[in-house]
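One letter stands for each residue in the lines below.
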Amino acid sequence: MKLPIRKLLSLCLLFSMTAALLTGCSGGKKQVNVLTYEGYIPDEIIADYEARGYQVNYTAAQTNEQMLDLLQAAKGGTYDIVICDDYIIPSMIESQVAAQLDYGRLSHAENIDPHYQSQFYDEENLYSIPYLAGFPLIVYDPAQVDFEIKGYADLWDSRLKNKLVILDQYRVIPGITLLSMGQSMNTTDQAVLAQCREKLLQLKPNVKLIDGSTPHVALINGDAAAGFVFTSQAMEVVKQRPDFKVVYPEEGLGFGVSCLMIAANAPHMDAAYDFVNYLLDGEVSAKVSELINYINCNTAAEAYLSAEFKANPVVYPPDSAFPPAAKRAPEIIQTVDNETNQIYDEMWTAFKNQ
Amino acid sequence: MKQEKSFPKFLLPMYLWAVLLVALPLGYFIFLSFLKQDMTYGFTLSFTLDNYKRIFSGDYQDMMLRSVAISGLTTLLCFTVGYPFSYIMSRLSGRARSVVMLLIVIPFYTNSLLRTTGIITLLSSNGLINTLLTHWGWIKEPLSLLYTPGATVVGMVYSLLPFMILPCYSVCQKLDRQTVEAARDLGASRVRSFFTVTLPLTLPGILSGCVLTFVPTIGMFFISDLLGGARSSMLGNIINQQINGRNLPFAAALSVVMLAMALLFIGIYRAFSGKSELEGIA
Chain A
1 MKLPIRKLLS LCLLFSMTAA LLTGCSGGKK QVNVLTYEGY IPDEIIADYE
51 ARGYQVNYTA AQTNEQMLDL LQAAKGGTYD IVICDDYIIP SMIESQVAAQ
101 LDYGRLSHAE NIDPHYQSQF YDEENLYSIP YLAGFPLIVY DPAQVDFEIK
151 GYADLWDSRL KNKLVILDQY RVIPGITLLS MGQSMNTTDQ AVLAQCREKL
201 LQLKPNVKLI DGSTPHVALI NGDAAAGFVF TSQAMEVVKQ RPDFKVVYPE
251 EGLGFGVSCL MIAANAPHMD AAYDFVNYLL DGEVSAKVSE LINYINCNTA
301 AEAYLSAEFK ANPVVYPPDS AFPPAAKRAP EIIQTVDNET NQIYDEMWTA
351 FKNQ
Chain B
1 MKQEKSFPKF LLPMYLWAVL LVALPLGYFI FLSFLKQDMT YGFTLSFTLD
51 NYKRIFSGDY QDMMLRSVAI SGLTTLLCFT VGYPFSYIMS RLSGRARSVV
101 MLLIVIPFYT NSLLRTTGII TLLSSNGLIN TLLTHWGWIK EPLSLLYTPG
151 ATVVGMVYSL LPFMILPCYS VCQKLDRQTV EAARDLGASR VRSFFTVTLP
201 LTLPGILSGC VLTFVPTIGM FFISDLLGGA RSSMLGNIIN QQINGRNLPF
251 AAALSVVMLA MALLFIGIYR AFSGKSELEG IA
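Residue numbers (our numbering), protein chains in the order written: chain A, 1 to 354; chain B, 1 to 282.
One or more hints might be untrue.
DSSO-like cross-link-like pairs, simulated, lysine-lysine; straight-line CA separation at most 27 Å [claimed, not checked]:
no., chain 1, residue 1, chain 2, residue 2
1, A, 327, A, 310
2, B, 140, A, 161
3, B, 140, A, 245
4, A, 161, A, 150
If you are wondering where the hints come from, they were derived from the structure by calculation, not from laboratory data.
Chain A with its partners taken away, still in its complex shape (with noise of 0.2 Å):
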């Protein structure tokens, strides 16, 4: 009696799991197959291109490294467009996952503002087009900080006693530890590193929090009462909590772009063109800006972006946050050769672990 049950069960089990490879085949619209953060195109410009005769399908990743990971699992293949941070590109056309870009197909291609490219990590933007940028800032509620904060140096203040939220990054923590001591967030100097590490480690106490994606939620809801968090998210908490202040650190800023990219063996090369074309188009690209808060990298957008906007001190820091009033100009974190990158790694788990 027994065993016929496990038999059918076995069974249904094998059809069942069968039947899961199966999934997913489509016909019908043009597809387009997006890689990038959760959020990061924003569900209305979705809906407004889908609305043109395609199917966006969306696949959100955590990390840039998980985007690397699928995207070397497939070969550059499966995703055709990857919307991904400046220090991962260098690995992604290492790898060869990213296609060179066919300026040729790029109606757009003028409205791409030059003072994003040129990076470090695409020196003759091949591969890579500016999508949005922004600087990392601290926030604090004036009614919990009995202090002012002014830079980096002031989170170690030990009235944050079990007060901070920073971000799960574990390149960007130990690179604003590196500005607060004057040095370079992307310093390869081992004795520095050294000192950095021991510095980072005295942070711990007042790190009530360490949050990847969402730091900005516990300094809404009071549960911590300063943190270092992205653009968006001290966009977001300014937003609900009016209360809290926004520092632009003395030391000098961090700064990121992130770059769309085509991927090398994209399965729909047209409608990848088709859908960054649309990303390039200056009304598009300024709805983007709006909706996630973050630096926009379209010339043509300018005329499109609210003066509301432009005038925001949150995406847009006001002058004292650059030099000569800030110690450095804004910083870009950059890949690192393996060894530096196991010291920077080594820190932030020995951090963690404390």
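Keeping the supplied structure of chain A fixed, place chain B upon it in accordance with the hints.
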């Protein structure tokens, strides 16, 4: 399992499935754990023992101890709540019993991430508990409940309780009441009959429940990330973090250690219970 003399051919797809989805990935990550990290490709094909040396270098001792302590505490609390619960449940009438069983199982149809987020809304500074306590005037400042080790343990216990209840319930239900009655007739007190008859007879279920709560707790990274604030990492968090940081070989080495720990606990279970399969789930 019964030993079949001739190999049942129609089970072949299942074996194939097991080889493809269990044995191969397992072999792959054991292999991976001996390689070197590479930023672009994840790993390079050069053999090294560094990943294991790094685990046992001392930097990770605190984390290992913390993982075992939190998992141990979770298991203990699950047992304290789950065992009496299962015992009482096994003595309910048929209908009441199925209702209670349903109440345990239904929440687990919901995504565990959602349930954990639900706990956040309870424990947060402006969450339900703090709001009520402030409203009643019992506290002036909101209590710091969220992002503490306590919150992690609460989340773990909540998530894993059914894994303690189900095996305990399974043995309590099978328990021959007459043996307890015999002990009582022969003059044993309630307490004595419990410790000499009921407890030893239900021990396999308890041990099975302990394995089923202890082992998953070590790897449950999202609960300590979400409720504990990711401040004090456990083994699962470190693995998750190494994967996100693209140190796949080190993540693989940590996974091998975690697997070894799980096997160790299952081995202990087998030695103590004399059974080869976990009670209550087979």
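Evaluated hints:
no.	hint	result
1	327(A) <-> 310(A)	25 Å, holds
2	140(B) <-> 161(A)	20 Å, holds
3	140(B) <-> 245(A)	25 Å, holds
4	161(A) <-> 150(A)	17 Å, holds
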